[in-house]
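Q: Take a look at the letters that make up each chain.
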Amino acid sequence: MAGKSKAIMIHEKDNVATAIVPLRAGSTVSLEVQGRKEKVKLLSSIPMGHKFALRPIANGENVIKYGEPIGETTAAIARGEHVHVHNVVSHRGRKEGA
Amino acid sequence: MNFMGYRRANGKAAVRSHVLVIPSVVCSQGATEAITRNLKGAVYVANVFGCAQVGADREQTKRTLVGFGTNPNVFAVLVVGNGCENLPAKEIVEAIAPCGKRVEFIEIQEVGGTKKTIAKGRKIVKEMLADAAALPREPIPLSELIMATECGGSDYTSGLASNPALGAASDLVVEAGGAVILSETTELIGAEHLLAKRARGPEIGKQVLDLIAWWEKEAIATGQDIRGANPAPGNIAGGITTIEEKSLGCIYKGGTTPLEEVIKYAFPPTRKGLILMDTPGHDIDQLTGMMAGGAQLAVFTTGRGTPTGSPIAPVIKITGNAETYRKMKDNIDLDVSQIIKGKETVKEAGRRIFEEVIAVASGKLTKAEKLGQRDFCIFKIGLNF
Chain A
1 MAGKSKAIMI HEKDNVATAI VPLRAGSTVS LEVQGRKEKV KLLSSIPMGH
51 KFALRPIANG ENVIKYGEPI GETTAAIARG EHVHVHNVVS HRGRKEGA
Chain B
1 MNFMGYRRAN GKAAVRSHVL VIPSVVCSQG ATEAITRNLK GAVYVANVFG
51 CAQVGADREQ TKRTLVGFGT NPNVFAVLVV GNGCENLPAK EIVEAIAPCG
101 KRVEFIEIQE VGGTKKTIAK GRKIVKEMLA DAAALPREPI PLSELIMATE
151 CGGSDYTSGL ASNPALGAAS DLVVEAGGAV ILSETTELIG AEHLLAKRAR
201 GPEIGKQVLD LIAWWEKEAI ATGQDIRGAN PAPGNIAGGI TTIEEKSLGC
251 IYKGGTTPLE EVIKYAFPPT RKGLILMDTP GHDIDQLTGM MAGGAQLAVF
301 TTGRGTPTGS PIAPVIKITG NAETYRKMKD NIDLDVSQII KGKETVKEAG
351 RRIFEEVIAV ASGKLTKAEK LGQRDFCIFK IGLNF
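Which chain is which? The protein sequence lines are A and B, in order. Read in order, the letters of the first sequence are residues 1 to 98 in my numbering. Read in order, the letters of the second sequence are residues 1 to 385 in my numbering.
It cannot be assumed that every hint is accurate.
What the hints assert, rightly or not - Below 27 Å or equal to it, Euclidean Cα-Cα: the simulated DSS-like pairs (lysine-lysine) are:
1. B:K341 / A:K13
2. A:K37 / B:K380
3. B:K364 / B:K62
4. B:K327 / A:K6
5. B:K341 / A:K6
6. A:K13 / B:K343
7. A:K13 / B:K347
8. B:K341 / A:K41
9. B:K90 / B:K115
10. A:K37 / B:K347
Unchecked claim - The following label-pair restraints were derived from C-beta to C-beta distances:
11. A:A75 / B:E59: 46 to 54 Å
12. A:E12 / B:K380: 41 to 49 Å
13. B:G363 / A:E32: 40 to 48 Å
14. A:H86 / B:V54: 51 to 59 Å
15. B:G363 / A:G60: 26 to 34 Å
16. A:H11 / B:K264: 29 to 37 Å
17. B:P258 / A:R55: 44 to 52 Å
18. A:H86 / B:D210: 49 to 57 Å
19. B:A97 / A:H91: 48 to 56 Å
20. B:E348 / A:H91: 32 to 40 Å
Said to hold, decoys possible - From chain B, some residues computed to sit far from chain A (all C-beta separations above 12 Å):
21. A34
22. S143
23. K246
24. G363
25. C377
No wet-lab data here; the hints were simulated from the structure. Keep in mind it's a predicted model, so treat the numbers as computed, not measured. By construction, the Cβ of each residue, glycine as well, lies at the ideal position given by its N, Cα and C atoms.
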């Protein structure tokens with residue numbers, strides 16, 4: 001699945017990838033899925049298992065992992081930035097506006 | 001394809017042969033623990049309910065306890081009551097009896113105190129154990145296996161490695177004619193459209209969507225935010241951001257075959273293939289529900305690590321997190337972390353899990369069994385009065 005890459009992109013539609021080792025801010029990560037190649041310079045340090053953006057994601061846009069939406073952003077996210085609970089909110093199981 | 005199991009009087013197949021002691025009420029739980037203490041093969045369930053319950057809530061407690069009694073992995077049953085509870089021991093015995101196994105009850109008030117109850121109970125259980133020991137294993141087609149699936153303490157590796165690998169094993173069990181139960185309805189939120197699409201017919205697809213809608217509405221109706229409970233703090237620390245992300249990783253466990261049936265908590269499947277049981281995301285509530293529904297074995301994936309086991313069935317634990325496997329080797333049976341490193345394919349790991357399922361069904365003990373981990377928790381749906 002991952003080969004020698006330090007991060008995994010699961011589906012070609014995904015706009016985030018998952019770090020499989022701790023990654024430092026400023027480092028560059030290369031990854032590939034179904035022929036799509038990406039080279040991303042990290043703007044934040046990414047803990048193991050956490051996600052970073054593969055492309056700029058606008059405020060309110062869907063975050064896509066497994067080829068499906070997993071929530072929407074609460075702030076604009078730059079390519080290479082950490083994507084987690086501080087800038088993503090679930091669409092589900094919550095009251096309107098919560 | 002066969003495993004080496006036990007054949008019960010009613011024709012059902014088993015992978016273990018336990019003598020089960022059921023407290024019909026929390027008041028007799030202490031006695032059941034003492035009755036089974038140091039008797040190899042005898043187990044009890046830590047039932048904390050059985051009194052002051054009404055309606056569907058009482059029905060669910062009864063159905064779960066009876067489901068444990070009728071589970072083929074149980075050779076014989078002793079029910080221990082106190083004597084004044086509103087779920088009487090006799091009522092549980094009468095519901096288990098039609099499956100043809102030996103089932104008896106004693107009550108603390110009638111026998112005359114805890115000490116006499118323990119002595120009398122141990123005498124009965126020892127007889128049952130002697131009979132259980134005489135029963136040999138025999139070849140049983142894999143099509144008679146009902147395999148429960150579950151994930152708990154999930155992290156980023158669950159959706160990348162252990163759940164897809166378990167999905168590959170689930171497909172092999174279904175291909176061999178067996179049944180696989182997927183549960184934890186709350187952890188389908190955000191992935192329900194994918195499961196509904198795989199339903200055998202539109203009516204079953206609609207049942208899936210209705211279930212999710214109900215749970216989501218219930219969560220919102222509490223005035224609380226489901227995010228406080230799911231994803232759990234450990235999931236978030238492990239890199240899971242939202243319930244949708246957790247669910248999309250979670251659903252891989254069920255493999256790729258059509259969804260054959262949707263069943264309620266602690267009810268038995270009526271079909272082979274992939275089954276969805278409606279349960280909460282709570283690990284032990286759902287494990288208990290699937291065992292009460294007749295599953296003989298469970299495969300449980302974890303990222304952060306959990307000790308989970310069942311009183312009456314083997315629980316095979318799998319992780320895709322190499323660090324968790326290293327730290328919790330005494331709890332976890334299989335390591336599939338090589339998938340993430342690209343050194344093992346999901347299909348290869350799935351085959352390994354499938355082979356472990358056959359070995360465990362044939363008698364190989366799981367880590368949880370060796371540790372004597374016997375979790376039990378009934379999904380409570382009403383108030384105690």
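Q: All hints, please: hold or fail.
A: Hint check:
1. B:K341 / A:K13: holds, 22 Å
2. A:K37 / B:K380: Distance ~50 Å between A:K37 and B:K380 Cα, so the pair is violated.
3. B:K364 / B:K62: violated, 31 Å
4. B:K327 / A:K6: holds, 22 Å
5. B:K341 / A:K6: With a Cα-Cα distance of about 9 Å, the restraint between B:K341 and A:K6 holds, given a limit of 27 Å.
6. A:K13 / B:K343: holds, 24 Å
7. A:K13 / B:K347: Distance of about 23 Å is within 27 Å: holds.
8. B:K341 / A:K41: holds, 21 Å
9. B:K90 / B:K115: Given pair B:K90, B:K115 holds - Cα atoms ~21 Å apart, limit 27 Å.
10. A:K37 / B:K347: Between A:K37 and B:K347 the Cα gap is close to 24 Å, so the pair holds against 27 Å.
11. A:A75 / B:E59: 46 to 54 Å: At 49 Å between Cβs, range holds.
12. A:E12 / B:K380: 41 to 49 Å: Holds, since A:E12 and B:K380 (Cβ atoms, about 44 Å apart) stay within the stated range.
13. B:G363 / A:E32: 40 to 48 Å: holds, 44 Å
14. A:H86 / B:V54: 51 to 59 Å: violated, 45 Å
15. B:G363 / A:G60: 26 to 34 Å: violated, 56 Å
16. A:H11 / B:K264: 29 to 37 Å: holds, 33 Å
17. B:P258 / A:R55: 44 to 52 Å: violated, 35 Å
18. A:H86 / B:D210: 49 to 57 Å: violated, 34 Å
19. B:A97 / A:H91: 48 to 56 Å: For B:A97 and A:H91 the Cβ distance comes to about 49 Å; the hint holds.
20. B:E348 / A:H91: 32 to 40 Å: holds, 35 Å
21. A34: At about 43 Å from chain A, B:A34 clears the 12 Å cut-off, so the statement holds.
22. S143: For B:S143, whose nearest Cβ neighbour in chain A is about 31 Å away, the distance exceeds 12 Å, so it holds.
23. K246: violated, 9 Å
24. G363: Check passes; 34 Å lies beyond 12 Å.
25. C377: Consistent with the label, B:C377 stays out of reach of chain A, its closest Cβ about 22 Å off (over 12 Å).
Violated hints, in rising order: 2, 3, 14, 15, 17, 18, 23; the structure is consistent with all others.
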